[in-house]
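> Taken in sequence, the protein lines are chains A and B. Position one of the first sequence corresponds to residue 39 (my numbering), numbered consecutively onward. Position one of the second sequence corresponds to residue 165 (my numbering), numbered consecutively onward.
Check each hint, because a few of them may be wrong.
[Unchecked claim] Reference listing, derived: stretches of chain B covered by chain A, where coverage requires no fewer than 3 residues with Cβ under 8 angstroms from a Cβ of chain A:
1) 315 to 325
2) 599 to 608
[Said to hold, decoys possible] Cut-off 20 angstroms, straight-line C-alpha distance, at most; resulting in silico cross-link-like pairs (SDA-like, lysine to any residue):
3) B/Lys213 with A/Arg412
4) B/Lys213 with A/Gly414
5) B/Lys213 with B/Pro198
[Claimed, not checked] If you want the ones that stay clear, here's a sample from chain A, every Cβ over 12 angstroms from chain B, calculated:
6) Ala48
7) Gly61
8) Glu68
9) Gln92
10) Arg136
11) Ala137
12) Ser245
13) Asp247
14) Gly291
15) Gln314
16) Ala317
17) Ala329
18) Pro330
19) Pro398
20) Trp399
Note that these hints are calculated values from the structure, not bench results. Here the structure is a predicted model, which means the values were calculated and not measured. All residues carry an ideal CB built from backbone N, CA and C; glycine is no exception.
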Amino acid sequence: MSAIFDRLQALLGAEGVERDPHGLPCAVPESDDALVLVLQAAADAGWRLRVEGQGSWLPADAPADLAVSTRALRRILEVSPDDLVATVEAGVPLDLLRAELERQRLWLAIDPPGRPDRTLGSIVATGTAGPLRQGFGPVRDQVLGVSAVTGDGRLIEAGGRVVKNVAGYDLTKLHVGGFGAFGVLTAMHLRLRALPALDVTVVARGSRDTLFLAALELVRAQAGVAALEVLSPATAAGPEWTLAARLTGTAEGVEAEAAQLAAMTRVRWERLDAEQAAAFWTLVARGPLDAPVALRLGALVDSVEEVTALVTETLGEGLLTAGAGSGAIRWAGAPAPAALTRLRHAAAQREVPVTLERAPWALRQAVGHFGAYREGVGNLVTRLRATFDPRHTFQVALEARDG
Amino acid sequence: MTTPLADALARIVGKRWVRSQPAELATYAADGLPTHEAVPGLVVLPATKHEVAAVLRLLHLLEVPFVARGAGTGLSGGALAEAPAVLVTLTRMNRILRLCADSRRAVVEPGVINAKLSEAAAPLGLHYVPDPSSQTACTIGGNVAENAGGPHCLKYGVTTNHVTQVEVLLADGSSVVLGSPQGEPWGPDLVGLFVGSEGMFGIAVEITVRLEPIPRTIRTVFADFMALRAASEAVSAIIASGIVPAALEMMDQSCVIAVEQSIYATGARTDAAAVLLVELDGSDAAVAAETQVVEALLRTHGAREVRSATAPADRARLWQGRKKAFGALGRIAPDLAVQDAVVPRSVLPMILDRIAGIRDRLGLQISNVFHAGDGNLHPCISFDRRAPGEADRVEEASREIMEACLAAGGSVTGEHGVGSDKRDYMPLAFTAPTLALMCDVRRAFDPEARANPGKVVPVHLCREWRRGGEA
Numbered sequence: 039m040s041a042i043f044d045r046l047q048a049l050l051g052a053e054g055v056e057r058d059p060h061g062l063p064c065a066v067p068e069s070d071d072a073l074v075l076v077l078q079a080a081a082d083a084g085w086r087l088r089v090e091g092q093g094s095w096l097p098a099d100a101p102a103d104l105a106v107s108t109r110a111l112r113r114i115l116e117v118s119p120d121d122l123v124a125t126v127e128a129g130v131p132l133d134l135l136r137a138e139l140e141r142q143r144l145w146l147a148i149d150p151p152g153r154p155d156r157t158l159g160s161i162v163a164t165g166t167a168g169p170l171r172q173g174f175g176p177v178r179d180q181v182l183g184v185s186a187v188t189g190d191g192r193l194i195e196a197g198g199r200v201v202k203n204v205a206g207y208d209l210t211k212l213h214v215g216g217f218g219a220f221g222v223l224t225a226m227h228l229r230l231r232a233l234p235a236l237d238v239t240v241v242a243r244g245s246r247d248t249l250f251l252a253a254l255e256l257v258r259a260q261a262g263v264a265a266l267e268v269l270s271p272a273t274a275a276g277p278e279w280t281l282a283a284r285l286t287g288t289a290e291g292v293e294a295e296a297a298q299l300a301a302m303t304r305v306r307w308e309r310l311d312a313e314q315a316a317a318f319w320t321l322v323a324r325g326p327l328d329a330p331v332a333l334r335l336g337a338l339v340d341s342v343e344e345v346t347a348l349v350t351e352t353l354g355e356g357l358l359t360a361g362a363g364s365g366a367i368r369w370a371g372a373p374a375p376a377a378l379t380r381l382r383h384a385a386a387q388r389e390v391p392v393t394l395e396r397a398p399w400a401l402r403q404a405v406g407h408f409g410a411y412r413e414g415v416g417n418l419v420t421r422l423r424a425t426f427d428p429r430h431t432f433q434v435a436l437e438a439r440d441g
Numbered sequence: 165m166t167t168p169l170a171d172a173l174a175r176i177v178g179k180r181w182v183r184s185q186p187a188e189l190a191t192y193a194a195d196g197l198p199t200h201e202a203v204p205g206l207v208v209l210p211a212t213k214h215e216v217a218a219v220l221r222l223l224h225l226l227e228v229p230f231v232a233r234g235a236g237t238g239l240s241g242g243a244l245a246e247a248p249a250v251l252v253t254l255t256r257m258n259r260i261l262r263l264c265a266d267s268r269r270a271v272v273e274p275g276v277i278n279a280k281l282s283e284a285a286a287p288l289g290l291h292y293v294p295d296p297s298s299q300t301a302c303t304i305g306g307n308v309a310e311n312a313g314g315p316h317c318l319k320y321g322v323t324t325n326h327v328t329q330v331e332v333l334l335a336d337g338s339s340v341v342l343g344s345p346q347g348e349p350w351g352p353d354l355v356g357l358f359v360g361s362e363g364m365f366g367i368a369v370e371i372t373v374r375l376e377p378i379p380r381t382i383r384t385v386f387a388d389f390m391a392l393r394a395a396s397e398a399v400s401a402i403i404a405s406g407i408v409p410a411a412l413e414m415m416d417q418s419c420v421i422a423v424e425q426s427i428y429a430t431g432a433r434t435d436a437a438a439v440l441l442v443e444l445d446g447s448d449a450a451v452a453a454e455t456q457v458v459e460a461l462l463r464t465h466g467a468r469e470v471r472s473a474t475a476p477a478d479r480a481r482l483w484q485g486r487k488k489a490f491g492a493l494g495r496i497a498p499d500l501a502v503q504d505a506v507v508p509r510s511v512l513p514m515i516l517d518r519i520a521g522i523r524d525r526l527g528l529q530i531s532n533v534f535h536a537g538d539g540n541l542h543p544c545i546s547f548d549r550r551a552p553g554e555a556d557r558v559e560e561a562s563r564e565i566m567e568a569c570l571a572a573g574g575s576v577t578g579e580h581g582v583g584s585d586k587r588d589y590m591p592l593a594f595t596a597p598t599l600a601l602m603c604d605v606r607r608a609f610d611p612e613a614r615a616n617p618g619k620v621v622p623v624h625l626c627r628e629w630r631r632g633g634e635a
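For reference, chain B alone in the conformation it holds in the complex (with noise of 0.2 angstroms):
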């Protein structure tokens, strides 16, 4: 089955990176969140940003909207197309262009896989910093669609902090240049507005990032406590010691449990509440001081049993729970929702007693693994999407939980991005001016409003601003 769209894209990429097929397409109804479905009309790999500026003129010169994706890990439904829509995939674009140890800046293809990045980075003496739990397979073109997190954000900032120049195709197909080599906004900074758009403002094809020193010496602390409140308090007092960990994560005893009865066994206690990772970094003299300081700190908080190393193999044992968790939650449930929300730290203990008592209302299995020190959760919602009933309640559970972090003071997500499956919670989070404005920024980029359509704000949103605006 071929349709005359699907014979001009094959003109631009060869025939056999557009796929067409209902067996093809299917396999691109998700991404890494399993609450969200869409089948796009027809996918295309382009391999070149010479092919997807044709891709796109193409599909502007049609009006057909189009979703740009990655290695599809997202975690928010935000790289799902849904017919008409072409699925733009940009896993072939996955070359590192330039990798400059003086300049500390490497230029790279966005279906550049976030892993392979730091390896390539790393006889250098450098890495790039943002490393998502999916970091050996998500891309950095999607890191930047959703500006992703991970551990060592913490210290080190997120992806929009370590991008400084991102070439975009517009939804017409031009090309335009954002930013600078060293960071510096070259005029307002459009680099920071397109950092976390999510696909809306159009296609990243080149993207500089910034690489930093590995850091000289490293320690990794391991504590564990009989109150999931005493750790949380300890991060608060970690905190507010002055010392600011390159990560700091925590673990409850549901994830614990899932872990060490996995294939990933650390050999870890299951009968501890929480489980805390205070990751140091720097020179040797500071990284020795401030260990002392953060081990009395847990030790005074309660902490059972603390440990530490330095050398890579014993901190990788360490981490090894926290960085399978996922793996070992998805083993315990068909289906597993890794949620994302923010609070701020101080109320990091309240909203884990409210997400306990959401659980024990609504009967699901839900654990906890989260980059505790700044305040960014991932409760994880274990299910059978097949049994009756579960999936509305896990769709209930999450709503709650949002609502509770907003009601904190917090934001609906952290790093995974609206999508879809936030969307409906964007008129809690901000008001109808700010949604409205918020369209009005996006039709500035794309004003037809075919990059990733349906994302992000609730539509009927920005009708009504546009409906008053040119009144």
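Next comes chain A alone, as it looks inside the complex (with noise of 0.2 angstroms):
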């Protein structure tokens, strides 16, 4: 280690390397072209990498022989209010982004759970939505391009700074979700909107049921909400379930909203004042963190209920959030492995995905991000990390360990 330790230093100067608390080599590159010195040098050493944000999200826990932290990658290189577009690098806080994006009656409609500072590396590589994305789709759809290092160390640039772009294979996609298999991301273009004049959040509390039902007549009727959330218990912090509405936009077609909801719903809703809303939707992000596990799966919007409820019955009720019209659920607990492969194999035979967000590197590699494919699949994500990752420097794992 000591070795690998002595290497760093030579590429990246002696302010570029640390040591974990655990003594293992950690480079903290401060440019694009230092990172690629480092993957370049893992790659002809054959050092195993694993790569860090703030260690905030997903553990920083690979066994390794050295880390890269994103973290001195923290520059926020352009703002174009006119064309609705940022360029950060990857280890940007995603709340330091947040407050000068306001500064300039700017938003970035990304609210994924985890803390506030959590880097937009870690936001993209994951493809960890919150509950925006019913109104604003997920992570993938704010990422118009990305810059990442593959594992042999080259420099990569997918996709570009407008909204419309066709030119080439969209490998940006690969990159987002792709749980830094494919390459370590430096800097994104995230797509842009103005700050909603009017953001308003409106609760009502009761039974599961009664909520689904409310809900769906809600999606049913087309309401105009940015984030529709069926809330468990413990997610809320309250006795009952809970249904959350959020509203964005101008004021007169917010105002329009919410007077439309409740006239849709049976359900007594209550308007949560901007104080109110924010330490509500603040409580709902920073709720995972109390959990090792993390997870999500996608269903269908007539079968959210039910996938639902296998969740629950399956993990029990934990910290879920179900975005009722996106069909995006979210658990947050501490399951048995078995029972989380249990999950995947019923979600399955409804041809829904699993996904694990978070969860410590021993469960990751025995169950894998992604478990098991679909048939033909694995040979092609196999055949692709080759190509991102020839020396296998990266260690992530997306499949299961035992198939």
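Join the two chains, each given in its own frame, into one complex according to the hints.
And the structure:
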């Protein structure tokens, strides 16, 4: 390990290398070029490498010969209000970007669970969307292009900084939710929106059945909501389940939609003031930090309730949020590995994938971020990984160890 | 004239579904872009995915390249096959396999015509959002290959945002299912990678797409401007206001004149420098509120006339000029090259000036009709390819426009694809390692590079890297 440390120091200078609490060498490159050097050295020497942001979401615990942290890549390179595009380095914390955007009356429609200072690299690499997915789509829809360094140290620029672009294969998509198996993200172009003039949250409490029914009514009636989540009691820190709707946009538009919500459903809505709303969504986002495991499932809109039931029956209620319109179900807790595998099998029969987003290495390695693929896909993924990471430098457990 | 290959294909699909006569093959020599031509070795028209698989297994065995083709409306020379490549035409695979209102999904074969899907979904109150101008002819399979867009992609996204699962037949005829019905990737996002891969990864034989509710209220606003720059600035102001219109389209004067001189005439005044169409949708109240804001912005930016409508027939009248623009432009000269490029919205006025300069210097007629809201330009060059030197000047103009768009931070294609037409611009847009990696990604799907050979990335760039990589 000392040899690796010395080699990294030679490449990056004394400032660019640290040791983690266990003595593992950790490279902290400050530029694309420095990262390229680290990856080239790793591939040449056959080092196994793990990538870290703040280490606040995916634990920095994969066994490796060295770690690379993106936390020194924390520059907001450009914010263009006219084009509604921001270019940021991968280590930029979300809250830092948010504050900068707000100053310019701009907004990034990504609200992932976790700490507010999660890095953009972590959010994009794990593809972690939050409730706003309902109104604005998954993380992939907000990422226009990325720069990344492959496992053998090639700097790749995929996509671009315009909202519409079909030049070449869409390599960006592999990096969004690729868990770092296809490269270390160094920077990304993000799609922005104007800061909503009004941002209102309303909540209703009650039984799961009642709230799902109300949510489905809203979906059918095309309620113009930015978020529509059914939340387990633990998630919203209450004795009952909660249905939360968020409305964003122009003041007139939001007020009109808010009035409609009440008319469309029979549940009793409570409108939160701005402070309460911020506290509410922060609580929902932070919840999973208290649990070792977070996972997500994608269910069709007419089976969200059924798949939610499958999750709670198999893993317990836990910290659960179900996007009633988006079909994105998230769960956090401390499941037994066998239960997780059982859930995967049962969900697969309904054509619902279960993605393990956050877990200790032992569990990630045992069951994989994705578990088993559909027939024929495994070969493709293996070949793609070999293309981006020919020396198997990245320590990422996409598949279940035992198939 | 038959060949052993034609006979073998005929045994799979039936004799009448294999074309081998030179006159028949010649009808497949071009797509919607008149500047590129190639004649396929054979054309085969399978009717089911099982037939496609059998065709691909046979071609795999014989090491024959192939090109998948839908309706042939593409605008990048993307579905051209050069002998001995076999053209696999998918227009017979035109069944909508499932249409589910509750889950808001449709499962379709690749040859389903885009507009037919929305027609079929309409009784359920749903529609398929991406609406390329060729939507009454183009197929969903072709849309997937090119990641097609359309006017309504500003608010709702392009094809890749509406495809959740694809069954793909790889070049050896084996089947893989990418994605999941809901859209959560089942593993790395291979649907996202496949959409827009221009037929070079395999053939999509079953496509699951999102259907979206038809908006409760739709209002179309029409405005004309005496200066192109004023219209561009109005576009920026609308976007900056926080309103995301369903569509935000612009036509320049030359385009308006072409429409008004055609059978599609709408009665629009032809002295305006530009026309804007803004479409707002959502709830009654939200649309009403946003209309006020948009109309005020249009006026403060110098709109001469602002009209709007919500009734379908009235909206159709406002849209008519835009929807028929390509048809009208097609009538003013023997040939029309519809170009496609993207710039950051903020440089629209600058780039339109540049295009005007290129037009004047090269003595070409260039009309602009485009998706202003997302900066996606369609300079349309009217020309006569038989006139000496004209085709060369069209190429020159195209290249200069592409270079200007790239220099402004844009892209060489927003929705038509690279195909044959833009391939040589790719080294201007991407670094050599990125292009080489694209070649390698393609080989992960198609190790022998037999699916749609020679498109997207110049072949020599693949080879260079491979030599280096294998050394």
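> Take the hints in turn and mark each one as holding or not.
Quick rundown of the hints versus the structure:
1. Residue count for the region 315 to 325 of chain B with a Cβ under 8 angstroms from a Cβ of chain A: 5. That meets the three needed, and the coverage hint holds.
2. With 8 residues having a beta carbon nearer than 8 angstroms to a beta carbon of chain A, the region 599 to 608 of chain B meets the requirement of three or more and the stated coverage holds.
3. Proximity of B/Lys213 to A/Arg412 is assessed by CA-CA distance (about 19 angstroms); at most 20 angstroms being required, the pair is judged to hold.
4. For a cut-off of 20 angstroms, the pair hint linking B/Lys213 to A/Gly414 stands: about 17 angstroms separates their Cα positions.
5. Of the pairs offered as hints, the one joining B/Lys213 and B/Pro198 is violated, with about 31 angstroms between alpha carbons and a cut-off of 20 angstroms exceeded.
6. Even its closest Cβ contact with chain B, about 24 angstroms, leaves A/Ala48 beyond 12 angstroms, as expected for a residue assigned away from the interface.
7. With a minimum CB-CB distance of about 33 angstroms to chain B, A/Gly61 clears the 12 angstroms threshold, and the non-interface call stands.
8. The claim that A/Glu68 is not at the interface with chain B holds, since no C-beta of that chain comes within 12 angstroms of its own (minimum 21 angstroms).
9. Every beta carbon of chain B lies more than 12 angstroms from that of A/Gln92, the smallest distance being close to 23 angstroms; the non-interface claim holds.
10. Remark: the non-interface label on A/Arg136 is consistent with the geometry, its nearest Cβ contact in chain B lying 17 angstroms away (cut-off 12 angstroms).
11. The claim that A/Ala137 is not at the interface with chain B holds, since no C-beta of that chain comes within 12 angstroms of its own (minimum 19 angstroms).
12. Its beta-carbon lying about 22 angstroms from the closest one in chain B, A/Ser245 satisfies the requirement of being farther than 12 angstroms from that chain.
13. With a closest Cβ-Cβ approach of about 18 angstroms to chain B, A/Asp247 is found to remain outside the 12 angstroms limit, as its non-interface label requires.
14. Its beta-carbon lying about 4 angstroms from the closest one in chain B, A/Gly291 breaks the requirement of being farther than 12 angstroms from that chain.
15. A/Gln314, annotated as away from the interface, keeps every beta carbon of chain B farther than 12 angstroms; the closest lies near 23 angstroms.
16. The claim that A/Ala317 lies off the interface holds: its Cβ sits roughly 25 angstroms from the closest Cβ of chain B, which is beyond the 12 angstroms cut-off.
17. With a minimum CB-CB distance of about 20 angstroms to chain B, A/Ala329 clears the 12 angstroms threshold, and the non-interface call stands.
18. No Cβ of chain B comes within 12 angstroms of the Cβ of A/Pro330; the nearest lies about 22 angstroms off, and the non-interface call holds.
19. No beta-carbon of chain B comes within 12 angstroms of the beta-carbon of A/Pro398; the shortest separation is about 21 angstroms.
20. Taking the minimum C-beta to C-beta distance to chain B, about 20 angstroms, the non-interface status of A/Trp399 holds against the 12 angstroms cut.
The structure fails hints 5 and 14 (numbered hints given earlier, in ascending order).
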